[in-house]
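So the chains spell out like this:
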Amino acid sequence: MRTPIFVGTPEQQALASEIFRLMSVQGTLFATDAPIKQTLSNLTDFLATQRKREREAMAREIDAALRVNDQVFFRQEDTETREIIYITSRLGVYPTQREDTSHTFKQRLYEPDEPLPVDDIRVVVSTSRPALTTVEPVFISDYWQQQAAMVSGTVRAPSESPGAVDGAHQADARASAVPVQEAHTHPPVTPVVASDVVRDTMLPAEPVDDMRAQAVSSAMPMTAPPVETADEEWLPDGDEVVPVRTELLAIAVDEGISVDQDASTESANIAVEHTLPTMPDVIPVERAVEVLDDVTALEGDEADDIAAEDTRPAAPLALFTLPDGTVIDLRQPVSRLMAAHRVVLEEALINHIDHDPLQRIVRFGRDLYTDTDTVHLGKNDLRRIREYILEIGEPVLDTAIIADLYHSHRQSTTESFRFSLNYRLSREKEFEFVGVAGACLWSTRGLPGIGTRRVKASEMGHLTSYLVEGYDDSLERQEAEIHEEGIMNRPLTFFEWDHGVIPLDARLATLLPQPLLREQRTVVLRFDVPQHYTSYLVEVRYPTGNRGGWIQGLEEFFHEHLVAGAIINLVRTGEPHVFTLTYEEGGVCSDRLLIFDEKKHKFAFANLSYACAVDGDYLLTQRKFGKLKNLKALPMTDRRKADVVLAHVFEVVGEQVGTRKEPLYWLSLDDLYVAYNVMRPASRPYIESLLAADAMYAPDEATPGAYFYKPEPDIDEVEEEEERDVFVYDDDDDEY
Amino acid sequence: MDSRSIIYGETALETLVQWLRATGTPQDLEVVVQRYLEILRELVVEDHP
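From first to last, the protein sequence lines are chains B and S. Counting the first sequence from 1 gives a position; my numbering is that position plus 884. Counting the second sequence from 1 gives a position; my numbering is that position plus 42.
Note that these hints are calculated values from the structure, not bench results. Note that the Cβ used here is the ideal one computed from N, Cα and C, for glycine as well. There's no promise every hint is true.
[Unchecked claim] With the C-beta cut set under 7 Å, the calculated list includes, among others, these residues of chain S facing chain B:
#, residue
1, G51
2, T57
3, R63
4, V75
[Stated by the list, open to error] Non-contacting residues of chain B with respect to chain S, defined by C-beta distances greater than 12 Å in every case (computed):
#, residue
5, G892
6, E1231
7, D1240
8, T1283
9, L1421
Isolated chain B (complex conformation) (with noise of 0.2 Å):
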């Protein structure tokens, strides 16, 4: 705060100083501009009596002390007390205060910028009753509304018919004045056909039954209730009336139309037949429009401009459409939709759940319960489950977790609380649901992995590949047998047999259960196999992608019982995810078989004591496939690229029928496949497809079922083969 510079003698300004200070503690907490305000009289008793001066004197020297300064202390008179009042600010000015009226809110109110313009006083102030603007409602069924827009089709009411209507007539104009309003807010619609209307309304008034919609009959006649007759006093006045026409509608689905009689004796009646465009999936739906005004005073040009402008109620549609463009009917029955619309139907309603932001609805596979009524699982259930899966050792149940854990729960027995730990489970990162459908089993990690580790999950779906590119014919043979028993059997290729594996063919699609959950790659089955009363757990590797499927688990089983070529038959059970494997057995047989020597890493012949079945043709034995004993046991990567095997497989087994320098070799397709198929997994229709795309590769036209592969010579090759001996397998190797 600033002191202001103060004038007069040394005691002025002294006695100013003093009050300036006095009266800036007194405005202390006020604005720097607001002005603070002290009496003469109270200034006088405060410093007389401090200085203990006579009052009058005192007054007097104050007076003239803040005169002088009169810059700090504005003196102001109260007109009404006689009171000397100073004022100033802790600025040390006093601003005068002045009001401003440029602008305000009472102004703006009677002075508005843009005024409306007042022609009329009735614009602003009534002088009589003014008219009540509800109007007696007329219920148009959302019925005739929903077909404005689907059906073509126009009468016009005859708005412009000046003087022609009499009394009666504006009053079944007013009643008819909502629902025609209400149709002209009806999206355009195709019109009708103007010549029928306008020849059916310029027909003069004679009886209904000599109309041209007598020939119209209906089974199921539909008539719009009468519309009530409002009363005179609400008729406008004069020329201001709008003419229009009430009309009686009239509907029949499927057969006719009916015109109804006794609507109205004091008009003329007119039945307009119109036929509705056919929807797809909707039952054809006939109507007519029974025009009840006396039409004969119309002009020709009124009537066409009836037909131009007038929109009819329709009839009624119940069909949506589904996001794919599916259009259903809600008419027709709900077994029918489901029939006809069932997966699309269920595929729509599960993805709005699945993205519903309050997510009000859960599901879990196709099981679908509210969130609200699930069972919620703490960190403390979760714990326990996934220690009670790794005691267990293998994927368990979701009813033996809750027989295990939640047997005194008071939930435990309903089918809500099994939907909640399978929820709540499939939530969880720790846990994987590796079940089908009616057997919900539950993973964890930890548990130990099912299946050979010789073959990683990646080579497995690309070596399988070929399944889902279209090379799989293995449904051919065995379909009908599949489905309406259950059984499938197939001979074992030497690679399945050695790795334990099996691919997911058609045949074998067909026969194990799909995936219960649409994310689901993998599932558990058990496979028992009563010979031996032993059980084998299997992983089912579902395709994905250019990826295929396999199933793996089965390594120990075949290396102990069956040999390559040996037949297994697989079977279904009571039990969604439990399958009985069997084999044929036959008498107990000794012979020098291929096998493959992990410890030396590569092909050999060993005598192997099998009694089960074989089929011959793809029984390795040494006599017939000799020569495999040379293949290379060619690293995964290399087994990858079916063109370097092929090449591998026809140099190795086939026969060479060319030079050194240019070799040839033949092979029939069937010791192809099989020799193939130790390498690694394929179809014959995949191989033949390999045979076909390369120029190398020519069919025996002498031999059906042979190819000739010719390579292109290699000279480095062909000098290292002068130096090596050509192919002898010794019988030394017979230390397995």
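Got chain B; can you put chain S on it based on the hints?
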């Protein structure tokens, strides 16, 4: 109700939730879809006898 305003999966979903809650047990998807169609049918068709 105007059938054209139906959004399948959104319209009357709360009614479906109430029905599902009233059943007391999880329901198969096919049953739920059937019930949902019936609800929509009641909204559209049965309002217009």
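Can the hint on V75 (chain S) be confirmed by a CB-to-CB distance to chain B that is less than 7 Å? holds (5 Å)
If you take the shortest Cβ to Cβ gap from R63 (chain S) to chain B, is it below 7 Å? Holds - the Cβ of R63 (chain S) comes within 7 Å of chain B, reaching about 5 Å at its closest.
Does the nearest C-beta of chain B fall within a distance shorter than 7 Å of the C-beta of G51 (chain S)? Holds. Min distance 3 Å.
No chain S beta carbon within 12 Å of T1283 (chain B)'s: holds (15 Å)
Are all C-beta atoms of chain S more than 12 Å from that of D1240 (chain B)? violated (7 Å)
Checking a non-interface call: every C-beta of chain S should be farther than 12 Å from the C-beta of L1421 (chain B). Is that right? Answer for L1421 (chain B): holds, closest chain S Cβ roughly 28 Å.
Please confirm whether G892 (chain B) is truly not at the interface, meaning its C-beta sits more than 12 Å away from all C-beta atoms of chain S. The claim holds: G892 (chain B) sits with its nearest Cβ about 86 Å from chain S, beyond 12 Å.
Against chain S, does E1231 (chain B) keep a CB gap of more than 12 Å to every residue? About 10 Å separates E1231 (chain B) from the closest Cβ of chain S, which leaves it inside 12 Å; violated.
Status of the hint placing T57 (chain S) at chain B (closest C-beta pair under 7 Å): violated (11 Å)
The structure does not agree with the numbered hints 2, 6 and 7 stated previously, though it agrees with the rest.
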